[in-house]
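Position chain B against the provided structure of chain A, taking the given hints into account.
Those protein sequences? They're chains A and B, same order as listed. Taking my numbering, the leading residue of the first sequence gets 1, the next gets one more, and so forth. Taking my numbering, the leading residue of the second sequence gets 1, the next gets one more, and so forth.
Please keep in mind that the hints were generated in silico from the structure rather than gathered at the bench. Do not take every clue at face value.
To be verified - Between beta-carbon pairs, the in silico distance windows are: (1) A:Leu385 to B:Asp241: 52 to 58 Å; (2) A:Leu375 to B:Phe182: 53 to 59 Å; (3) A:Gly51 to B:Lys294: 54 to 60 Å; (4) B:Val280 to A:Asn249: 32 to 38 Å; (5) B:Leu385 to A:Leu375: 54 to 60 Å; (6) B:Gly51 to A:Glu307: 54 to 60 Å.
Virtual Cβ for every residue (Gly too), placed ideally from N, Cα, C.
There are 2 protein chains.
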Amino acid sequence: MQTFIKDLSTEVGEEVTIKGWLNNKRSSGKIAFLEIRDGSGFAQAVAVKEGLPAEVWEAIDKTTQESSVEVTGKVTKHPKQEGVYELQIIPSASSGQASFKIIQLAQEYPISKKDHGPEFLMDNRHLWLRSKKQWAILRIRDTVETAINKYLHSENFIRTDSPIFTPNACEGTTTLFPVPYFDLGTAYLSQSGQLYIEAAIASVGRCYDFGPVFRAEKSATKRHLTEFWMMDAEAAFVEHDENLKIQENLVKAIVKKCLEDCQQEFKILERDVTALRVMVDKPFVRYTYDEAIKKLNKLGSDIKHGEDLGNDDEGLLTKDSDVPVFIEKWPKNIKPFYMKIDPGNSDLVLNDDLIGIEGAGELIGGSQREDDYDLLIERIGHEGLSEKDYEWYLDLRKYGSVPHSGFGIGVERVVRWISGAEHIRECVPFPRTINRLRP
Amino acid sequence: MQTFIKDLSTEVGEEVTIKGWLNNKRSSGKIAFLEIRDGSGFAQAVAVKEGLPAEVWEAIDKTTQESSVEVTGKVTKHPKQEGVYELQIIPSASSGQASFKIIQLAQEYPISKKDHGPEFLMDNRHLWLRSKKQWAILRIRDTVETAINKYLHSENFIRTDSPIFTPNACEGTTTLFPVPYFDLGTAYLSQSGQLYIEAAIASVGRCYDFGPVFRAEKSATKRHLTEFWMMDAEAAFVEHDENLKIQENLVKAIVKKCLEDCQQEFKILERDVTALRVMVDKPFVRYTYDEAIKKLNKLGSDIKHGEDLGNDDEGLLTKDSDVPVFIEKWPKNIKPFYMKIDPGNSDLVLNDDLIGIEGAGELIGGSQREDDYDLLIERIGHEGLSEKDYEWYLDLRKYGSVPHSGFGIGVERVVRWISGAEHIRECVPFPRTINRLRP
Numbered sequence: 001m002q003t004f005i006k007d008l009s010t011e012v013g014e015e016v017t018i019k020g021w022l023n024n025k026r027s028s029g030k031i032a033f034l035e036i037r038d039g040s041g042f043a044q045a046v047a048v049k050e051g052l053p054a055e056v057w058e059a060i061d062k063t064t065q066e067s068s069v070e071v072t073g074k075v076t077k078h079p080k081q082e083g084v085y086e087l088q089i090i091p092s093a094s095s096g097q098a099s100f101k102i103i104q105l106a107q108e109y110p111i112s113k114k115d116h117g118p119e120f121l122m123d124n125r126h127l128w129l130r131s132k133k134q135w136a137i138l139r140i141r142d143t144v145e146t147a148i149n150k151y152l153h154s155e156n157f158i159r160t161d162s163p164i165f166t167p168n169a170c171e172g173t174t175t176l177f178p179v180p181y182f183d184l185g186t187a188y189l190s191q192s193g194q195l196y197i198e199a200a201i202a203s204v205g206r207c208y209d210f211g212p213v214f215r216a217e218k219s220a221t222k223r224h225l226t227e228f229w230m231m232d233a234e235a236a237f238v239e240h241d242e243n244l245k246i247q248e249n250l251v252k253a254i255v256k257k258c259l260e261d262c263q264q265e266f267k268i269l270e271r272d273v274t275a276l277r278v279m280v281d282k283p284f285v286r287y288t289y290d291e292a293i294k295k296l297n298k299l300g301s302d303i304k305h306g307e308d309l310g311n312d313d314e315g316l317l318t319k320d321s322d323v324p325v326f327i328e329k330w331p332k333n334i335k336p337f338y339m340k341i342d343p344g345n346s347d348l349v350l351n352d353d354l355i356g357i358e359g360a361g362e363l364i365g366g367s368q369r370e371d372d373y374d375l376l377i378e379r380i381g382h383e384g385l386s387e388k389d390y391e392w393y394l395d396l397r398k399y400g401s402v403p404h405s406g407f408g409i410g411v412e413r414v415v416r417w418i419s420g421a422e423h424i425r426e427c428v429p430f431p432r433t434i435n436r437l438r439p
Numbered sequence: 001m002q003t004f005i006k007d008l009s010t011e012v013g014e015e016v017t018i019k020g021w022l023n024n025k026r027s028s029g030k031i032a033f034l035e036i037r038d039g040s041g042f043a044q045a046v047a048v049k050e051g052l053p054a055e056v057w058e059a060i061d062k063t064t065q066e067s068s069v070e071v072t073g074k075v076t077k078h079p080k081q082e083g084v085y086e087l088q089i090i091p092s093a094s095s096g097q098a099s100f101k102i103i104q105l106a107q108e109y110p111i112s113k114k115d116h117g118p119e120f121l122m123d124n125r126h127l128w129l130r131s132k133k134q135w136a137i138l139r140i141r142d143t144v145e146t147a148i149n150k151y152l153h154s155e156n157f158i159r160t161d162s163p164i165f166t167p168n169a170c171e172g173t174t175t176l177f178p179v180p181y182f183d184l185g186t187a188y189l190s191q192s193g194q195l196y197i198e199a200a201i202a203s204v205g206r207c208y209d210f211g212p213v214f215r216a217e218k219s220a221t222k223r224h225l226t227e228f229w230m231m232d233a234e235a236a237f238v239e240h241d242e243n244l245k246i247q248e249n250l251v252k253a254i255v256k257k258c259l260e261d262c263q264q265e266f267k268i269l270e271r272d273v274t275a276l277r278v279m280v281d282k283p284f285v286r287y288t289y290d291e292a293i294k295k296l297n298k299l300g301s302d303i304k305h306g307e308d309l310g311n312d313d314e315g316l317l318t319k320d321s322d323v324p325v326f327i328e329k330w331p332k333n334i335k336p337f338y339m340k341i342d343p344g345n346s347d348l349v350l351n352d353d354l355i356g357i358e359g360a361g362e363l364i365g366g367s368q369r370e371d372d373y374d375l376l377i378e379r380i381g382h383e384g385l386s387e388k389d390y391e392w393y394l395d396l397r398k399y400g401s402v403p404h405s406g407f408g409i410g411v412e413r414v415v416r417w418i419s420g421a422e423h424i425r426e427c428v429p430f431p432r433t434i435n436r437l438r439p
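Okay, chain A solo, but in the shape it has when bound (with noise of 0.2 Å):
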């Protein structure tokens, strides 16, 4: 019977078994404390040589780091610090169970204290995942993706799954993966399912997806992934303003999980939370990509209008807010097809794009979507994009079309954020990059 980490609390008193791989060791010869970790949690065990079974010993001494290893023991409160079980390998009158059982001697580990380069770790992928840190960033990861699909679920998503195959590109064509697709010709691999779930909406009335999108880019910055996880949502009779909200609240239910269940993690990644704590209480700030370049001329940035912020630009919009801030209303010719012209200003489309605090980026990009028929005809048109590939896409606004609005967050930006990661390459469990295919 396995007793996991995490449920040691319940146990004090107890004699309990727990499976796990040891994380370290320190003895004295006389007294060895192991910690343990079994995927729950992390534990420090304390074994006493004095009264030991001479095999008990011989295996605690001889055990290594890394090795996978079955600790009896009873547990107890840690003397001094507040929350912290252990669990004492010292055979009591009582019970005499008290153990220490080698399951699989682990050979010299290659992760080692010293400081590993980045392609040394990459390349150990498969092990590295075992660190503290990378088990706190996994841990979160789980934590915004559950809480995404709750959040979306009471707001009333439904969940429709986009597919990867498809016969053409929803934005740009450059950064594509073709697929050979039997006599069909080729399939790329969905760069966004956002026109899918489109499609979706007359059905279920608001959906999402939530899978792996694909970008052939080039780039090989802290930021870029070729493989990522996106989360697209859309919703009938949403317009612009409810979006931005339904935005809102969605980061604030990510971050409010993640402060409730990921307090272990966010002190073992030495997260100090203080900015996240400040930020769920408070609106988001919203400017128009007008305001946003005449604040960042104002701040320094050289940014002209009718360009695209650049990372920089970015964080110096966002470097004194303590909230994440909505740029919208972008000029329609440096953004795609499908998003709607703005009523009041024709050179303008109802998007936008949210960028996070401490330097997160951009989390989250968003629009109302044209949904009048001759409007969206003519800007297929106008990007040099074929009619014919949109055809179904155009139906959407022949039979029943709707107000509606959608976006997509970036599920491994939303991670680095929120743990701190440095890199992104941390924030999935086995990252793909141009150069980067293994393990």
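Just chain B, lined up with the frame of chain A:
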């Protein structure tokens, strides 16, 4: 302010506005019955010409199937049908706000009430999704996915997404989709995330992935897709018996959640759920592979020992069973290298296939994994695979190998079974098959 149809029961006697699509209309010229859907459900609006402003009746008269509409009226209980609520578009002295507005008048809808062939429906999948049955299946799929996430978290599994781009194949090589990958040569689209989550258990203990997998299968059957969704789960310190228990409890949790949440959907699909109700309270049956073959031969199948079960065999074996059937301990030479040899019989492996009832076919495949380094090397060699390709996977047996087990569940197959859909292509929003890449 939009009221969702699913919430009408709390608004009886109130005047509300619903927004949605016209599903159907019957009119005598004096009184009209309009079936509206808004994604959350279906409701009938009743309009009486007398006393209505002329433009309101005109709009009602003019509106076509699939037109998007905004309807304001008073909520009433259906006089005869329990749990059914209607909207009365009849101006009352108290409010007089009853109205019916067309948002966009739909062109003649291509999907009529007559029978369409499957190719026509698939060409129009973006519209076909709106049909009541497809709506019901989409919602059952969402419920299945939610139930999987919920059950696994309750059993301490953490979601760890597996990569889609992989350098080598997990099972077989003839059904891989190759993708040119920058200067690194060829990547293959994942067929299973299992090997990756086996690495992650040494970090988080128990984990699962949930994403699309790809098989370039040239089969065009009712059960094959080139792109389908899998959930792979893996748990440290879980051995064969417990692995089967987790699978059984997961299937029961999924079915229970659907029985709780999808009554309306089952009714629309005319799905008799008696068999599902019976199943959730009974233990699943276990046959060894040996027993299954003998039983099949007795039942008239000509299957020989050492052969895989065909669809007919799966049907035959379960046709008199009111619970899904595990077939465990298969001959090792027809199963992959990573399955653990049965300590009781070295010709067998500790694996299982779970065959559903009601002709559902194989729902789950699982096994305890080989945790011994030498045995694993030997089996990799025996299968003619390259040791180098599996170097990282072999590492997992060098550094703290533990007994562990896992399984994979095919989302579409489960949805097909539970919804009673005839063809698996109806169980994913935008199916991809050998002949189908659009829309």
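Verification of the supplied hints:
1. A:Leu385 to B:Asp241: 52 to 58 Å: holds, 57 Å
2. A:Leu375 to B:Phe182: 53 to 59 Å: Violated - the Cβ-Cβ distance for leucine 375 of chain A and phenylalanine 182 of chain B, about 38 Å, lies outside 53 to 59 Å.
3. A:Gly51 to B:Lys294: 54 to 60 Å: Cβ of glycine 51 of chain A to Cβ of lysine 294 of chain B: about 56 Å, so the range 54 to 60 Å holds.
4. B:Val280 to A:Asn249: 32 to 38 Å: holds, 36 Å
5. B:Leu385 to A:Leu375: 54 to 60 Å: holds, 56 Å
6. B:Gly51 to A:Glu307: 54 to 60 Å: With Cβ atoms ~59 Å apart, the hint holds.
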